[in-house]
Amino acid sequence: MNWEIFADPLFRVPFVAGLLIAGVLPVLGALLMLRDEWLAALGLAHLAAAGALLGLAVGVPAVLGASLGALGGGAVKSIGGARGNTAYGFMILIGWSALLLAAANTSAGDALGQAVMDGQIYFAGWTELAAAVVLTGLTVPALHWLMPRLLRARFFPRHAAANRLPAWRWHLGFDLLTAFGVAAGTATLGLLGTFALILVPAWAAFRVASDWAWTLRLAGLIGVAVYLSAFLLALGLDQPFGPLLAAVCLGLGGLVAGLGSPRSLR
Amino acid sequence: MPVVGPVSCRIQAGEVVGLWGANGSGKSTLLNAIADAARIFSGRIERAPGLTLNYQEQRPVRLPAMPLTGRDLLRCAGVATERRPPGSLGVHLGRRLDRLSGGQYQLLCVWAALAGTADLVLLDEPTNNLDPEHERLLAAVLSEPRADRDERRAVLLVSHERAFLEDTCTRVLEVASDHPAGRARSPRRRCA
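Respectively, the protein sequence lines represent chains A and B. Counting in the working numbering, the first sequence runs from 1 upward without gaps. Counting in the working numbering, the second sequence runs from 1001 upward without gaps.
Treat the hints as calculated values from the structure; they're not laboratory data. Note that beta-carbon positions come from the ideal geometry of N, C-alpha and C, so glycine has one too. Each hint should be verified, as a subset may be incorrect.
Which chain B residues face chain A? A few, computed with CB under 10 Å, are given here [to be verified]:
| id | residue |
| --- | --- |
| 1 | T1052 |
| 2 | M1066 |
| 3 | T1069 |
| 4 | R1071 |
| 5 | R1075 |
| 6 | G1078 |
| 7 | G1094 |
| 8 | A1112 |
Next up, chain B with everything else stripped away, as it sits in the complex (with noise of 0.2 Å):
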């Protein structure tokens, strides 16, 4: 029986495209598809000649002990120096990555991701262990033009928070689990 499908769906270039749907719905199986880390049974994903991507796991690696800053962490994600990250992150880059909260960890590691040069971002949940501050911090990210051009990244966002992908999204993608087969669907804006 497939995890997920049928999906069709076009991604462009400054979208943020939200996945939504309940647990087991296969949110995350579509985006370890993408990002060829799941195996596809039937159908294609075409990707633009070229197209970089940033993938966010649900769990970012978070090791026992970690001598690494922010810094140094948004170094080896390839952010620029120069790129300031949101609100009161900032004050925490010189911070070793085990003396972070989990909540400041993951903003961290989502804000990484974005503020690189991928032409496409793969988040899975990155609301998870954000207070509401950092919600809203995120949200702010989301919006931002990428780093290296005035053209937007496209961002495809899985969260169970619904509320939070209507108000952070151009678009949601319904998932649903209720059909043998199970489906997608766009409550907001039907998807071609």
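So here's chain A without its partners, still in its complex pose (with noise of 0.2 Å):
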């Protein structure tokens, strides 16, 4: 393993960037598995893909381009009420039929489309990493004001129509917010990377942890771990880094959930 390619300053924006989406995007996760709507996290994954290759082709940079295709995905899927497997079916076959024709009618579509399907972090620079520092100072002001409100319309949800309250407004919020995490991960860590991050960390919290602060703190140290682990792999083994980080996820996230339980963990 050759070590002294992760003194290279190079590495550094990236794998800053790429650090502080692996910590939020496990927290979006475990919301979106309490909502049962984590399947639209891979839908609006292949939206921010294909939108990164559409912006890409009439020269807006990738997250831009990342951002408004989840965006606009959000907003539809939130302001028609869209929700369940079939709704998010479609986003994922929107979305993968335009990266795929956008990738194979643009000039250098085809290695960009192959990029972020692969998840090639170290093409990430201070735009994604702009992104990643916007994202996560969004977020926790976002989720102080959101989460309460999210988590009594999942257990209570005939009390914002009952009191006449605007829910659409923190499921708008949540959505977007949800839509530009994807857009973000997406242009940094790659489309099945970005999922990865999403669903594998709350799906081992939601296994294991205690209570709900748990679940979130769980869910974003796995995410952390996760990340640092693919990264130094990736680089020091010279192996593509979404699969590594898919792979080392997958292998977290299934050791906390098989070895954790609810009493170990109070």
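Please assemble the complex out of the two chains, which come individually in their own frames, going by the hints.
Structural data, given as structure tokens:
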């Protein structure tokens, strides 16, 4: 393993960008799982990837294109009240189709499409870092405000309508936050790496955490640990980052889910 | 054909009003109408200005995995942390919701609705899944004062268990389905 490569300043920006995103996505994933919407993340990731490529075709940075693609999908989903696997299945198909068509019909699109699918984090630059910082800065206050409302809406679904509260605001807010997170993740970590970070840490935390605060903390910690391990292994062993991230995610997530129990974490 | 009606009723603060009737007589539909969850084709429902509601449905939301404790649930229902739940329910507050029995979870959800600061609490079949001990706890909770002031909140309670309603409610209304249009009557006290 070539350890000197870690000292290269070229890797610092992508490393920090990915680290921030890896801490945020699992927390969003926990809420998505509670809302039974984890498949939406895969749909949004496909739309983000297609948006990134279509954006590049017209000279827009990948992060911006990805954000527009995912935010558009998130807004349509929220405003149209589209929920459930059917809606998310359509998002995946639309995104996948647009992604591969854009890749086939734009200059350098094929290589970039492959990079988005593979998750070549080392191409991430200052734009991706800025997106990661904005995402982190948005997520902390947004979830502080949204979390109690989203939990109440989940467990007491009639409450908002009964009190004539504008529930659409917080559902839309969360959908847009998720869409932006997925977009930043897809542009930085790749499509399936992003999906893995949303799904697996939350899945493991749901199995073992003793309460909701622990669920969020544990999901975030698993995400960061997975990311650090994958970054080191991919760089040191010269392996593609995205598949390695997904593999480490599955391994560590499975380990935590298998070892833990609610009683042991109290 | 109307699902339920005609109904004319006024609910005052501190009242526990029971709504009784056979399956399919429209009891839950009436609750949904009050909670803005069902379309009203004629008539009107007037709310006191600033009225707040808690509505506990017949079947509480129960997910396959719920990594929240009873305490988490009460927090998200807006119940003050110093409120102590009745009887043995307090013992289970630190447990995950998906580790509670159906009856424990049902009573916890009902108590979350009652222990909050809502002016009017709508309860749809709150005795579902409850054993006799938990039913007694529920009856005791129904007569507790509300959390934030001395004034008691109002409760509108749907149940098919007539004896429970007679024991716990200040008034019981009967929703009858034996008439084409259905009707509501009050066996214990006529409602205006």
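Against the structure, the hints:
no.: 1; hint: T1052; in the structure: holds (6 Å)
no.: 2; hint: M1066; in the structure: holds (8 Å)
no.: 3; hint: T1069; in the structure: holds (5 Å)
no.: 4; hint: R1071; in the structure: holds (7 Å)
no.: 5; hint: R1075; in the structure: holds (8 Å)
no.: 6; hint: G1078; in the structure: holds (8 Å)
no.: 7; hint: G1094; in the structure: holds (8 Å)
no.: 8; hint: A1112; in the structure: holds (8 Å)
In summary, the structure agrees with every hint in the numbered list given earlier.
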